[in-house]
Amino acid sequence: MYGLQMDVTARKTMEAELRRSELYYRSLVNDLPAMVCRFQSDGTLTFVNDLYCQLFQRTRDELIGFNFYDLIPPPQRALVAEGIAKLSPTQPVIEHEHEVLHPDGSIGWQRWVNRLLLDERGQPVEYQALGMDITARKRAELERERLIAELEARNAELEQFTYTVSHDLKSPLITIKGFASYIERDLAAGKLERIPSDLQRIISAADRMYQLLEDLLHLSRAGRQLNPPERIGLGLLISEAAAAVSGRLAERNVYLHLPPNLPEIYGDRTRLREVFQNLIDNAAKFMGDQPNPQIWIEARAADEPHFVLVSVRDNGIGIDPRYTQRIFGLFERLEQRVEGTGIGLTLVRRIVEAHGGKIWVESEGLGSGSTFYLTLPTALQTSAPAERINSHESKH
Amino acid sequence: MKASIEPAIILLVEDNPDHTELIIRTLNDHRIPNRIIHVTDGESALDYLWRRAQFADPATSPQPDIVLLDLQLPRLSGLEVLQEIKTRAETRHIPVVVVTTSSAERDLQAAYQRYANSYLVKPVDFQQFTRMLNDLGDYWLDWNQTLGDRYSLATP
Chain U
1 MYGLQMDVTA
11 RKTMEAELRR
21 SELYYRSLVN
31 DLPAMVCRFQ
41 SDGTLTFVND
51 LYCQLFQRTR
61 DELIGFNFYD
71 LIPPPQRALV
81 AEGIAKLSPT
91 QPVIEHEHEV
101 LHPDGSIGWQ
111 RWVNRLLLDE
121 RGQPVEYQAL
131 GMDITARKRA
141 ELERERLIAE
151 LEARNAELEQ
161 FTYTVSHDLK
171 SPLITIKGFA
181 SYIERDLAAG
191 KLERIPSDLQ
201 RIISAADRMY
211 QLLEDLLHLS
221 RAGRQLNPPE
231 RIGLGLLISE
241 AAAAVSGRLA
251 ERNVYLHLPP
261 NLPEIYGDRT
271 RLREVFQNLI
281 DNAAKFMGDQ
291 PNPQIWIEAR
301 AADEPHFVLV
311 SVRDNGIGID
321 PRYTQRIFGL
331 FERLEQRVEG
341 TGIGLTLVRR
351 IVEAHGGKIW
361 VESEGLGSGS
371 TFYLTLPTAL
381 QTSAPAERIN
391 SHESKH
Chain H
1 MKASIEPAII
11 LLVEDNPDHT
21 ELIIRTLNDH
31 RIPNRIIHVT
41 DGESALDYLW
51 RRAQFADPAT
61 SPQPDIVLLD
71 LQLPRLSGLE
81 VLQEIKTRAE
91 TRHIPVVVVT
101 TSSAERDLQA
111 AYQRYANSYL
121 VKPVDFQQFT
131 RMLNDLGDYW
141 LDWNQTLGDR
151 YSLATP
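Going down the list, the sequences are from chains U and H.
When you line the first sequence up against this note's numbering, it's residues 1 to 396, in that order.
When you line the second sequence up against this note's numbering, it's residues 1 to 156, in that order.
Any given hint might turn out to be false.
From the derived model, a few chain U residues whose C-beta atoms are all more than 10 angstroms from chain H [what the hints assert, rightly or not]:
hint	residue
1	R58
2	E62
3	L79
4	L142
5	S166
6	H167
7	L173
8	I174
9	T175
10	A180
11	A205
12	L262
13	L309
14	R333
15	L334
16	E335
So the derived label-pair ranges between C-beta atoms look like this [to be verified]:
hint	chain 1	residue 1	chain 2	residue 2	range
17	H	A89	U	P74	23 to 31 angstroms
18	H	N134	U	A243	50 to 58 angstroms
19	H	Y115	U	L236	50 to 58 angstroms
20	U	P291	H	N144	30 to 38 angstroms
21	H	N144	U	S246	51 to 59 angstroms
22	U	S246	H	A89	40 to 48 angstroms
23	U	R221	H	S118	55 to 63 angstroms
No wet-lab data here; the hints were simulated from the structure.
In this text the structure is predicted, and so the values were computed from the model without any measurement.
Positions of the beta carbon are idealized from the N, C-alpha and C atoms, including for glycine.
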């Protein structure tokens, strides 16, 4: 009698302890500022806490029996499954970070601690996972990496710029000082014959220096100050650009093929006109002795979404494939006989890149013409490229 | 010092016409008689050295005693020309003196890595400019002994 009484009391105490432990566990799981879930090896959820429901904006009823892999973007699923497959009685815990699909369709980041739950005999029962939303941190990290990369690119650009400028501005100075010294000497000796031509060299060198400085200023402005972006008909823009260089086109008798129905693009009208002006002028300048000089403009969708790929093809002298990179460099000139400081294509590249686009040139080599390709934001999606341009502008 | 009365042959690779004129005037005044062959780009420099195209005749295109090489050239750069000269067994013995406006570390390194024999930075000051070229003439055209066209005898 007494013994039975003892048993009942002990059991009641044990049950009370169990209930209390259950209460501790439930309140902990629900109040924890983390997502908690349990799932089977195929990913079927068997338990989720409130925060889990909140973050994925689904009810508990919807989630139980649901496969959580459906909440992960397909390219990341294998990575997560691989991590979970590694769990074993000897390695019961693994942590990893991966992308998730937010209810609004955006991509977020979560950090998870996955544990293999084992019963008292050490046999796997199911999996438990504790997760935190780290989207804000991850975005900050990605933004930081993007900024570092941008900064490094700018630094490299600046270094290249300083290098080129110091060389190109020093050159005319050597000329000026050299010929001024000869004039001084010749005057003292009373030899006047070559003074006029030496003076002319000095004047030209000073003019060239002035032109270099003007070009540099122009280039620096073109990359930094973009006007507010607008929708621009590409056809009209190219017509305007061609009109601005009509002198050169007429002088070389160049025929410009401009197809109808060119798409709308989105960006700084003045700068983009300058891009096409330079490309058309360039094509006309390097026609060589082509008896029937022509330029063809074409446009189609680029590989990158919301960008259009525009090509400017000519049947001029072409470019040795070895120099297709160098021609975009500051003050680089492949043909010393053709006028110019060598700023045009540098300027073009800078403007295109400021619009988030790319530019490159292809040529079969000398004598087979060349094709410049550039990608520019289309007017279809107005928000993304606009933000890019504006944020670019505000950083300076 | 050389006993020869033959003028020293200088191959000047320089695309800037004003700098070319300054270099030629200064070297023409040098006490060592010299003949300057001037080309304005890297391709022509290599054509000359390998006696191609218009430079095929050894009588009119003798092997130079020295190459004065600018680095900033249109198309084929000075460094590429230097590399070609120093890679080929027929030309690598020819002294190549880089004469440039660039004092950038990376150009110096790149030039010496490609076995430039000397590296000179054009001074902006004209007195120094002429002094540098006069010293260059003294050293490379007078004191320095080159193989010149006798190189063919020396090839193993």
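Verification of the supplied hints:
Interface exclusion of U:R58 from chain H stands, the closest Cβ pair being 59 angstroms apart, more than 10 angstroms. For U:E62, the non-interface assignment is confirmed: its Cβ lies about 62 angstroms from the closest Cβ of chain H, beyond the 10 angstroms cut-off. For U:L79, the non-interface assignment is confirmed: its Cβ lies about 41 angstroms from the closest Cβ of chain H, beyond the 10 angstroms cut-off. Chain H leaves U:L142 outside its interface by the beta-carbon criterion, the shortest separation being 32 angstroms against a cut-off of 10 angstroms.
A beta-carbon of chain H comes within 10 angstroms of the beta-carbon of U:S166; the shortest separation is about 8 angstroms. Against chain H, the non-interface label of U:H167 is violated: not every CB pair exceeds 10 angstroms, the least being about 5 angstroms. With a least CB separation of 5 angstroms from chain H, U:L173 falls inside the 10 angstroms interface cut-off, contrary to its annotation. With a minimum CB-CB distance of about 6 angstroms to chain H, U:I174 fails to clear the 10 angstroms threshold, and the non-interface call is violated.
Annotated as non-interface, U:T175 brings its C-beta within 10 angstroms of a C-beta of chain H; the closest such distance is 4 angstroms. For U:A180, the non-interface assignment is contradicted: its Cβ lies about 8 angstroms from the closest Cβ of chain H, within the 10 angstroms cut-off. At the 10 angstroms boundary, the C-beta of U:A205 falls inside the reach of chain H, the nearest C-beta of that chain being 6 angstroms off. With 10 angstroms as the threshold on Cβ separation, the claim that U:L262 sits away from chain H holds: the shortest Cβ distance comes to roughly 34 angstroms.
Consistency note on U:L309: stated as away from chain H, and its beta-carbon is indeed over 10 angstroms from all of that chain's, at 28 angstroms minimum. With a least beta-carbon separation of about 6 angstroms from chain H, U:R333 fails to lie farther than 10 angstroms from that chain, contradicting its non-interface assignment. A Cβ of chain H approaches the Cβ of U:L334 within 10 angstroms, the least distance being about 5 angstroms, so the stated non-interface status is violated. A beta-carbon of chain H is positioned within 10 angstroms of the beta-carbon of U:E335; the least distance is around 7 angstroms.
Between H:A89 and U:P74 the Cβ separation comes to about 59 angstroms, which falls outside the hinted range of 23 to 31 angstroms. In this structure the supplied range 50 to 58 angstroms holds for H:N134 paired with U:A243, their Cβ-Cβ distance being about 56 angstroms. Taking the beta carbon of each, H:Y115 and U:L236 are about 56 angstroms apart, inside 50 to 58 angstroms as hinted. Range check, U:P291 to H:N144: Cβ separation about 52 angstroms, and the 30 to 38 angstroms hint is violated.
One distance hint, 51 to 59 angstroms for the beta-carbon pair H:N144 and U:S246, holds here, with the actual separation near 58 angstroms. A hinted range of 40 to 48 angstroms for the beta carbons of U:S246 and H:A89 is inconsistent with their spacing of about 55 angstroms. Taken as a hint, the range 55 to 63 angstroms is violated for the pair U:R221 and H:S118, whose Cβ atoms sit roughly 41 angstroms apart.
Hints 5, 6, 7, 8, 9, 10, 11, 14, 15, 16, 17, 20, 22, 23 from the earlier list are contradicted by this structure; the remaining hints agree with it.
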